[in-house]
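Asks: What follows is the residue order along each chain.
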Amino acid sequence: MARGKKPNLAAKEEEILPYTQAYYTALPTGTIKWIRGCIVWQLIRFIVVNSRMISMIGKSHPHPHKPGVH
Amino acid sequence: MARVVVMGAGISGHTASTRLRSFLPKKHEVVVVSPNPQWNWVPSNVWVGVGTLEVKDVLFDLAPVYKKAGIVFKQAKVISIHPEGDKDSSSPYISVEYTEAGKVGHIEKVTYDYLVNSTGPKLNFAATPGLGPEGHSHSICWASHAEHAQKDFLAAIERMKKGQKQTFLIGMGHGMATCQGAAFEYIFNVEFEIRRRGLRDLANIVYLTNEYEVGDFGMGGMHLRRGGYYTHSKIFAESFYTEKGIKMITRAHVTKVEAGVAHYVNLADEEHKIEFDFAMLIPPFAGVGLTAFNKSGKEIKDTLFAPNGMMKVDADYTPKAYEEWKAADWPKFYQNQAYKNIFAVGIAFAPPHFISKPMKNSAGTMINPTPPRTGMPSGVMALAVAKTVASIIKHGGDQSKATFYSASMADIGAACVASAGKKFFTGRAAGITLHPIVPDYDRYPVFGRDPKLTTGEIGLGAHWIKIVIHHMFIWKAKLKPGWTLLPE
Ligand SMILES: Cc1cc2nc3c(=O)[nH]c(=O)nc-3n(C[C@H](O)[C@H](O)[C@H](O)COP(=O)(O)OP(=O)(O)OC[C@H]3O[C@@H](n4cnc5c(N)ncnc54)[C@H](O)[C@@H]3O)c2cc1C
Chain Y
1355 MARGKKPNLA AKEEEILPYT QAYYTALPTG TIKWIRGCIV WQLIRFIVVN SRMISMIGKS
1415 HPHPHKPGVH
Chain E
2 MARVVVMGAG ISGHTASTRL RSFLPKKHEV VVVSPNPQWN WVPSNVWVGV GTLEVKDVLF
62 DLAPVYKKAG IVFKQAKVIS IHPEGDKDSS SPYISVEYTE AGKVGHIEKV TYDYLVNSTG
122 PKLNFAATPG LGPEGHSHSI CWASHAEHAQ KDFLAAIERM KKGQKQTFLI GMGHGMATCQ
182 GAAFEYIFNV EFEIRRRGLR DLANIVYLTN EYEVGDFGMG GMHLRRGGYY THSKIFAESF
242 YTEKGIKMIT RAHVTKVEAG VAHYVNLADE EHKIEFDFAM LIPPFAGVGL TAFNKSGKEI
302 KDTLFAPNGM MKVDADYTPK AYEEWKAADW PKFYQNQAYK NIFAVGIAFA PPHFISKPMK
362 NSAGTMINPT PPRTGMPSGV MALAVAKTVA SIIKHGGDQS KATFYSASMA DIGAACVASA
422 GKKFFTGRAA GITLHPIVPD YDRYPVFGRD PKLTTGEIGL GAHWIKIVIH HMFIWKAKLK
482 PGWTLLPE
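The listed protein sequences correspond, in order, to chains Y and E. Be aware that the first sequence starts at 1355, since it is given in the numbering used here, and climbs by one per residue. Be aware that the second sequence starts at 2, since it is given in the numbering used here, and climbs by one per residue.
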């Protein structure tokens, strides 16, 4: 890869050699990489991930215990 | 009138003191003792460490905020706790040493009715010879460390611009270090900043960790529901490292750091060394070194503290094999059992055991992360303690009549957003939520966690959340309008 030509290219895929650890991992396809940066889709994910976090935060609030029960 | 003294003004201490102030009528006093005059939004130290934020962006002065809120602030470090008072008085007190200009070294007794220990960690660089900013590696745990790391990182960038190849070693500086999330986030920011400048081919980026597998994060990892599978976070993390061309060294304990060389041993007893041009290695954590004395002046450190210096609370500290660990071992109320007016939250409380399975090599060297206590749980436990203490005070100190609030790490979740680049449109982040933090195999057989609330994904959306979190928590910590409505 020429220096500075492809600043957004993710992996150095050409270095993933058979029988090395990297060879056995799941790698994102070009579509997934595009989706990760697609503004419209990511706006939706922003809302979805936020809602998920809010629901988890709601479940993580301190629980009150009746006097004498603790 | 009751006086609550909060030791420390980090994420948990600041939450405890400000929430207590908002719950308690003005006739009660809230006092904060902390050696640092500034508050630090620690998670954004990652961005300071690569130069995308300046140190001033993650710090603000505490004194004006506390003055406005009606909290007494003493810029001092706590040295000892005297829970029974001393021979002159039975009032419990702490001994503090001022760090404030003009008063440096001045010792004072600060009496309390209730004490909250939120002193966080001591960064135990001494556990690995040569580790840390005074040795041969960097840290981003404190804002000043991150600023120092930034300088050397940018110098390495300059060397690459001149065509020199550089090796960046990032990870854990000891077999029992925790905070893998910070190293995870930092390495992806380092990679992003190098790639953004078109210099990626000149950088060898290596992640070195004590985790059994990457994606363990000191919590045994987690199974994320994605694409029709329950996939372990190892797959998720390993994929991200590979995609970015980052090499991984796992199951490693750094034994020594020399100028440009880190030595490590692994679970298979192999000894290796790796050369680097820039290293950021997180140190292991210990308690900050407080001690305690009873009324007659006898040291009672063991009554209040575990051997690692963290404070004992209502956990089950009975030594048990990994197979016997239960969610119920974890503390609910963060209350010391010997002195029930003392509480400990955040990194300052002593966990009952690890979350990840303990591992050692044949020489007996422990190589596995200690339990993380990240920002969200630290804040939630501080809120729980603030509510409990406020209730006890409202009931005139009668604990049997008060409502106690629980926030066991086996009951609460965590949201972890690890950014990979700071730019608004080209940045990415891994957004992970998990619930509960400590797996509960009785409630959730097989994976120990609620599959609906344990998820993760990478994208720009998660990166925007990270930006929102940065601004929201600094807004909240400054007690700006609406702060009480924002979650921990
Ligand atoms: C680089 C980095 C990135 C992180 N990113 C995230 C993230 O994205 N999300 C997340 O949830 N968590 C994150 N964390 C973890 C999070 O920052 C910690 O969990 C959190 O700061 C712990 O809060 P604490 O109050 O226990 O300790 P601290 O925040 O460390 O506060 C301790 C306080 O005690 C004071 N103190 C120390 N000694 C004394 C003494 N003797 N007397 C009185 N006061 C004393 C200190 O000055 C400080 O004010 C990150 C951590 C690091 C290092």
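Read the hints as simulated data drawn from the structure, not as lab findings. Even glycine gets a Cβ: it sits at the ideal position worked out from N, Cα and C. Take the hints with a grain of salt, since some may be wrong.
Computed beta-carbon distance windows for the label pairs [what the hints assert, rightly or not]: (1) T1374/Y <-> L486/E: 20 to 26 Å; (2) G290/E <-> K1420/Y: 55 to 61 Å; (3) W1388/Y <-> P320/E: 48 to 54 Å; (4) W1388/Y <-> T292/E: 56 to 62 Å; (5) V73/E <-> I1408/Y: 20 to 26 Å; (6) Q39/E <-> T1374/Y: 44 to 50 Å; (7) G290/E <-> I1408/Y: 37 to 43 Å; (8) H1419/Y <-> K162/E: 32 to 38 Å; (9) G71/E <-> A1380/Y: 50 to 56 Å; (10) S90/E <-> G1422/Y: 26 to 32 Å; (11) K424/E <-> K1420/Y: 48 to 54 Å; (12) L1397/Y <-> L487/E: 19 to 25 Å; (13) A1380/Y <-> V469/E: 41 to 47 Å; (14) W1388/Y <-> K162/E: 28 to 34 Å.
Asks: Against each hint, give a clear statement of whether it holds in the structure.
Replies: For each hint, the structure was consulted:
| no. | hint | result |
| --- | --- | --- |
| 1 | T1374/Y <-> L486/E: 20 to 26 Å | violated, 50 Å |
| 2 | G290/E <-> K1420/Y: 55 to 61 Å | violated, 38 Å |
| 3 | W1388/Y <-> P320/E: 48 to 54 Å | holds, 52 Å |
| 4 | W1388/Y <-> T292/E: 56 to 62 Å | holds, 58 Å |
| 5 | V73/E <-> I1408/Y: 20 to 26 Å | violated, 34 Å |
| 6 | Q39/E <-> T1374/Y: 44 to 50 Å | holds, 46 Å |
| 7 | G290/E <-> I1408/Y: 37 to 43 Å | holds, 39 Å |
| 8 | H1419/Y <-> K162/E: 32 to 38 Å | violated, 60 Å |
| 9 | G71/E <-> A1380/Y: 50 to 56 Å | holds, 54 Å |
| 10 | S90/E <-> G1422/Y: 26 to 32 Å | holds, 31 Å |
| 11 | K424/E <-> K1420/Y: 48 to 54 Å | holds, 51 Å |
| 12 | L1397/Y <-> L487/E: 19 to 25 Å | holds, 22 Å |
| 13 | A1380/Y <-> V469/E: 41 to 47 Å | violated, 29 Å |
| 14 | W1388/Y <-> K162/E: 28 to 34 Å | holds, 30 Å |
In summary, the structure is inconsistent with hints 1, 2, 5, 8 and 13 from the numbered list given earlier, while agreeing with the others.
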